[in-house]
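A.B. asks: Next come the chains, spelled out residue by residue.
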Amino acid sequence: MLNAKIPEGPLKDKWTHYKEHSRLVNPANRRKLEVIVVGTGLAGASCAASLAEQGYRVKSFCFQDSARRAHSVAAQGGVNAAKNYKNDGDNVFRMFYDTIKGGDFRSREANVYRLAECSLNLIDQAVAQGVPFAREYGGYLNNRSFGGVQVSRTFYARGQTGQQLLLGAYQALMRQTAAGQVQTFTRHEMLDLVLIDGKAAGIITRDLVTGQIERHAANAVVLATGGYGKIYYLSTLAMGCNGSAIWRAHKKGAFMAGTSWIQIHPTSLPQSGSHQSKLTLMSESLRNDGRIWVPAKQGDARAAGEIPEDERDYYLERRYPAFGNLSPRDIASRAAKERIDAGHGVGAMKNAVYLDFSKAIKEQGEGKIREKYGNLFRMYQKITGIDAYHQPMMISPAAHFTMGGLWVDYELMTTIPGLFALGEANFADHGANRLGANSLLQACVDGYFIAPYTIPNFLAGEINTPRPAVDHPAFAEAEAAVRKQLDLFLNIKGKLSADHFHKTLGALLYDKCGLARNADGLREAIAGIGELRNSFYRDLNVTGDGLLNSELEKAGRVADYLELGELMCRDALSREESCGAHFREEHQTKDGEAVRNDEDFCFVSAWEWMGAGKEQVLHREPLEFENVKLTVRSYK
Amino acid sequence: MKIHLKIWRQENAGADGRLMDYELGEVDENMSFLEMLDSLNEQLIARSERVIEFDHDCREGICGQCGVMINGRAHGPLDHTTTCQLHMRTFRDGDTILIEPFRAAAFPVLRDLKIDRSAFDRIIQAGGFISANTGQAPEANSIPIGHEMAESAFDSAACIGCGACAASCKNASAVLFTSAKISHLAQLPQGKVERELRVRKMVAQMDAEAFGGCSDTRACEVECPQQISVANIARMNREYLTASWFSV
Ligand SMILES: Cc1cc2nc3c(=O)[nH]c(=O)nc-3n(C[C@H](O)[C@H](O)[C@H](O)COP(=O)(O)OP(=O)(O)OC[C@H]3O[C@@H](n4cnc5c(N)ncnc54)[C@H](O)[C@@H]3O)c2cc1C
Ligand code: FES
Chain A
8 MLNAKIPEGP LKDKWTHYKE HSRLVNPANR RKLEVIVVGT GLAGASCAAS
58 LAEQGYRVKS FCFQDSARRA HSVAAQGGVN AAKNYKNDGD NVFRMFYDTI
108 KGGDFRSREA NVYRLAECSL NLIDQAVAQG VPFAREYGGY LNNRSFGGVQ
158 VSRTFYARGQ TGQQLLLGAY QALMRQTAAG QVQTFTRHEM LDLVLIDGKA
208 AGIITRDLVT GQIERHAANA VVLATGGYGK IYYLSTLAMG CNGSAIWRAH
258 KKGAFMAGTS WIQIHPTSLP QSGSHQSKLT LMSESLRNDG RIWVPAKQGD
308 ARAAGEIPED ERDYYLERRY PAFGNLSPRD IASRAAKERI DAGHGVGAMK
358 NAVYLDFSKA IKEQGEGKIR EKYGNLFRMY QKITGIDAYH QPMMISPAAH
408 FTMGGLWVDY ELMTTIPGLF ALGEANFADH GANRLGANSL LQACVDGYFI
458 APYTIPNFLA GEINTPRPAV DHPAFAEAEA AVRKQLDLFL NIKGKLSADH
508 FHKTLGALLY DKCGLARNAD GLREAIAGIG ELRNSFYRDL NVTGDGLLNS
558 ELEKAGRVAD YLELGELMCR DALSREESCG AHFREEHQTK DGEAVRNDED
608 FCFVSAWEWM GAGKEQVLHR EPLEFENVKL TVRSYK
Chain B
332 MKIHLKIWRQ ENAGADGRLM DYELGEVDEN MSFLEMLDSL NEQLIARSER
382 VIEFDHDCRE GICGQCGVMI NGRAHGPLDH TTTCQLHMRT FRDGDTILIE
432 PFRAAAFPVL RDLKIDRSAF DRIIQAGGFI SANTGQAPEA NSIPIGHEMA
482 ESAFDSAACI GCGACAASCK NASAVLFTSA KISHLAQLPQ GKVERELRVR
532 KMVAQMDAEA FGGCSDTRAC EVECPQQISV ANIARMNREY LTASWFSV
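Chains A and B supply the protein sequences, listed in that same order.
Taking the numbering used here, I'd label the letters of the first sequence as residues 8 to 643.
Taking the numbering used here, I'd label the letters of the second sequence as residues 332 to 579.
Some hints here could point you the wrong way.
Said to hold, decoys possible - List time: in silico DMTMM-like cross-link candidates among lysine to aspartate or glutamate, alpha-carbon distance up to 25 Å:
id: 1; chain 1: A; residue 1: K357; chain 2: B; residue 2: D410
id: 2; chain 1: A; residue 1: K357; chain 2: B; residue 2: E540
id: 3; chain 1: B; residue 1: K333; chain 2: B; residue 2: D424
id: 4; chain 1: A; residue 1: K389; chain 2: B; residue 2: D359
id: 5; chain 1: A; residue 1: K304; chain 2: A; residue 2: E631
id: 6; chain 1: A; residue 1: K502; chain 2: B; residue 2: E384
id: 7; chain 1: A; residue 1: K510; chain 2: B; residue 2: E384
id: 8; chain 1: A; residue 1: K502; chain 2: B; residue 2: D410
id: 9; chain 1: A; residue 1: K389; chain 2: B; residue 2: D447
id: 10; chain 1: A; residue 1: K357; chain 2: B; residue 2: D359
id: 11; chain 1: A; residue 1: K357; chain 2: A; residue 2: E606
id: 12; chain 1: A; residue 1: K93; chain 2: B; residue 2: E357
id: 13; chain 1: A; residue 1: K389; chain 2: B; residue 2: D410
These aren't lab readings, by the way, just hints derived from the structure by calculation.
Predicted, not measured: the structure shown is a model, and the values here were computed from it.
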């Protein structure tokens with residue numbers, strides 16, 4: 008039975024109560040305790056720096072060449088906090104409610120409340136570090152409203168909020184590195200988790216420059232390795248983003264939760280050809296002034312400007328008159344897919360919809376639009392060569408954020424004692440759909456404010472257990488398995504590249520386990536992935552050697568995706584309802600809206616690995632709502 | 332279109348490198364420059380040859396991991412554009428493109444086009460931070476910062492740490508990078524407390540790495556994807572001067 012370890016007491020006192028009663032480690036003992044933190048994004052860097060400041064010894068790992076490049080760097084829009092600086096009625100409860108509702112009532116009340124509560128401290132912390140948030144003329148912090156909420160609570164640093172927050176955390180990490188509290192290992196990839204007596208004892212890594220396989224032991228291991236949306240190949244994520252660290256932990260016993268809940272963002276640049284490697288996100292803010300439409304006539308080949316007004320279908324305005332072009336992400340993405348699938352898509356690959364600024368330009372003037380979105384229009388032109396002041400933009404949905412991840416309890420500990428998961432790598436706070444600007448927040452809050460309490464609470468019980476030694480047979484065994492897999496990849500010597508398998512898997516998943524799913528499709532996908540996996544181990548070609556070799560890195564990631572993708576499909580198949588990002592075609596109203604099933608599915612699905620070739624077993628963590636009433640999300 | 336490529340190949344830091352020729356037909360003008368390299372690598376894999384190693388991650392101009400010399404220019408022919416944001420429509424059918432790693436003594440080549448930029452991390456470690464432990468922060472609005480000042484600090488803070496500045500400088504100097512961080516923090520009230528120590532330590536670290544000095548050619552500013560201005564260098568020099576007075 009899964010125990011989320013939610014503290015007793017009223018919702019608003021739970022975290023305070025926890026902090027008042029959590030165990031402490033005395034400063035002399037902290038020096039003897041070592042923590043491994045994999046990942047240097049907002050979650051990992053902030054956790055590593057905060058633990059080091061407390062006096063623990065930390066080892067920090069990332070696969071990029073510098074901690075500063077973790078994909079948190081790419082977040083544009085902003086970070087939420089219930090500061091109520093605009094005096095518009097915002098408060099912790101309201102933010103909690105918006106997040107629970109946004110997640111379609113599939114997250115834990117206690118976790119979400121704590122997220123909203125800690126949001127206040129995050130802005131303080133970031134400002135103290137020198138994060139140059141936008142300011143009003145009077146010198147106070149500015150913020151704006153974002154993603155369908157009625158208050159203004161999104162703080163931002165131009166269109167580079169993630170970068171600026173990450174630099175704050177990175178600099179704190181570098182400061183602790185200089186102080187000798189943190190050892191940083193860049194261009195290192197974690198390839199396995201080591202368990203001793205059922206507890207997390209360390210990791211096996213590969214030095215991506217020398218190819219060296221290394222053993223690292225610690226008293227606790229933190230995975231802050233980000234999201235796995237790159238499983239679709241085409242996504243808004245970075246090329247190196249992967250599911251490997253959490254997947255390998257899963258195969259050592261950590262449960263995976265909400266695995267198929269992946270947010271598909273409505274406003275990214277469409278794919279323009281088979282060469283495409285990445286879909287660039289266009290900020291959602293564009294939907295404030297842009298109108299989304301497709302030609303009313305199927306297969307209409309005319310240029311946008313030649314299609315008269317009455318032959319355009321502004322389908323969001325038509326279907327969701329109350330929210331129109333500002334409908335939430337999942338709804339906007341699904342509506343786009345519906346039109347594209349029905350043959351109304353535009354662009355060379357007929358896979359896009361128009362985002363049209365002509366009305367806004369007519370009403371407000373080009374100058375005003377340039378002032379608001381100039382940098383985005385420039386970026387659009389850089390990538391597509393198109394001037395969006397005179398032609399509508401073309402946009403399409405793209406895989407963006409994984410709500411799913413390793414199952415964690417209230418302490419952010421996985422089902423493996425001593426193994427913690429932070430940031431996008433865990434499943435905890437966003438339910439079945441993540442609200443804009445809440446995930447930078449979650450990554451930061453996990454790392455700065457939660458783990459620095461909950462990890463010591465765990466370590467307090469470890470003071471008298473000897474630190475695991477790297478010559479323990481468990482390390483030797485894990486290392487041997489890693490070496491064996493790498494040798495295997497190098498020796499298949501087939502004909503096809505790792506990217507080939509990644510792209511094929513991505514297309515299959517996008518089609519069958521993307522914006523909309525149905526039982527037949529999911530079963531086909533499971534069979535298809537099985538065949539693809541067989542072909543992978545027969546036909547893969549990794550050229551080069553066991554030293555610096557990006558193809559070898561890719562092979563390992565794709566091998567994991569080929570297993571993770573199957574679990575995504577099983578997860579989606581087992582959930583007979585539509586909620587948030589998970590839209591099962593069998594569960595919709597006559598006019599195509601999602602039908603949630605609270606009677607039978609008000610739980611978190613947590614999957615346990617049972618060994619290669621066996622099906623995972625589903626565990627249910629019931630979700631209890633004591634402070635909110637479950638309602639139907641309606642944006643009509 | 333058809334493209335001829337001359338690409339630097341080098342086994343490891345200690346080995347000699349050389350330029351190798353490749354031909355690529357059917358290059359789509361909508362491809363990004365890195366996608367063009369992806370497609371070349373696909374061909375190499377089909378021929379069972381080792382792929383060309385190059386650095387990249389976000390492919391949207393913000394992580395700073397990509398960066399090569401293209402026809403002798405850091406990040407290629409466009410001003411203020413990262414390698415990953417360069418598209419093949421910038422080139423013409425039949426063009427020959429020369430691709431080499433960023434060249435600077437402080438950035439040793441690891442393999443082919445990949446380099447080691449850890450010197451930048453060490454410069455930040457020397458003092459590129461505000462010493463604010465988690466939990467020490469006062470309420471955010473208790474430190475008012477004028478709009479202009481915040482914007483100006485942002486302009487300096489926007490650096491992505493790609494190294495194009497050092498690669499395009501004839502002295503392989505890291506002053507634009509170092510000065511951007513010093514300016515970012517020195518302009519903010521929170522950063523003023525440590526400013527003297529910061530500038531002294533960061534400049535000392537920069538000199539300890541194998542970077543050269545600045546001779547004011549401003550080549551760095553032209554290539555910088557974030558348009559970091561050389562005004563930061565002047566600000567750093569002022570900071571340094573003030574700090575040196577204090578230290579005597
Ligand atoms: C384009 C884009 C825009 C976004 N905009 C916003 C926004 O405006 N607001 C918002 O709130 N959220 C936004 N998000 C979401 C948000 O940025 C992420 O959810 C968040 O930054 C994740 O942080 P993280 O620390 O969990 O992971 P990441 O920042 O992804 O860091 C992962 C780290 O793990 C390391 N790692 C991974 N695997 C391994 C391995 N096997 N071995 C070693 N190291 C490994 C990586 O090197 C990296 O250091 C956006 C996301 C994208 C993609
Ligand atoms: S790949 Fe990130 S800046 Fe180019």
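A.B. asks: Against each hint, give a clear statement of whether it holds in the structure.
C.D. replies: For each hint, the structure was consulted:
1. A/K357 - B/D410: Roughly 33 Å separates the two Cα atoms, so the pair is violated.
2. A/K357 - B/E540: Given that 25 Å is the threshold and the Cα spacing comes to 52 Å, the pair is violated.
3. B/K333 - B/D424: 5 Å, holds
4. A/K389 - B/D359: 16 Å, holds
5. A/K304 - A/E631: 47 Å, violated
6. A/K502 - B/E384: 20 Å, holds
7. A/K510 - B/E384: Given that 25 Å is the threshold and the Cα spacing comes to 20 Å, the pair holds.
8. A/K502 - B/D410: Violated, because 40 Å separates the two Cα atoms, which is more than 25 Å.
9. A/K389 - B/D447: 29 Å, violated
10. A/K357 - B/D359: The hint holds at about 18 Å.
11. A/K357 - A/E606: 40 Å, violated
12. A/K93 - B/E357: Violated. A/K93 to B/E357 sits at ~55 Å, over the 25 Å cutoff.
13. A/K389 - B/D410: Answer holds: A/K389 to B/D410 is near 12 Å, not above 25 Å.
Hint compliance for this structure: hints 1, 2, 5, 8, 9, 11, 12 are broken, all remaining hints hold.
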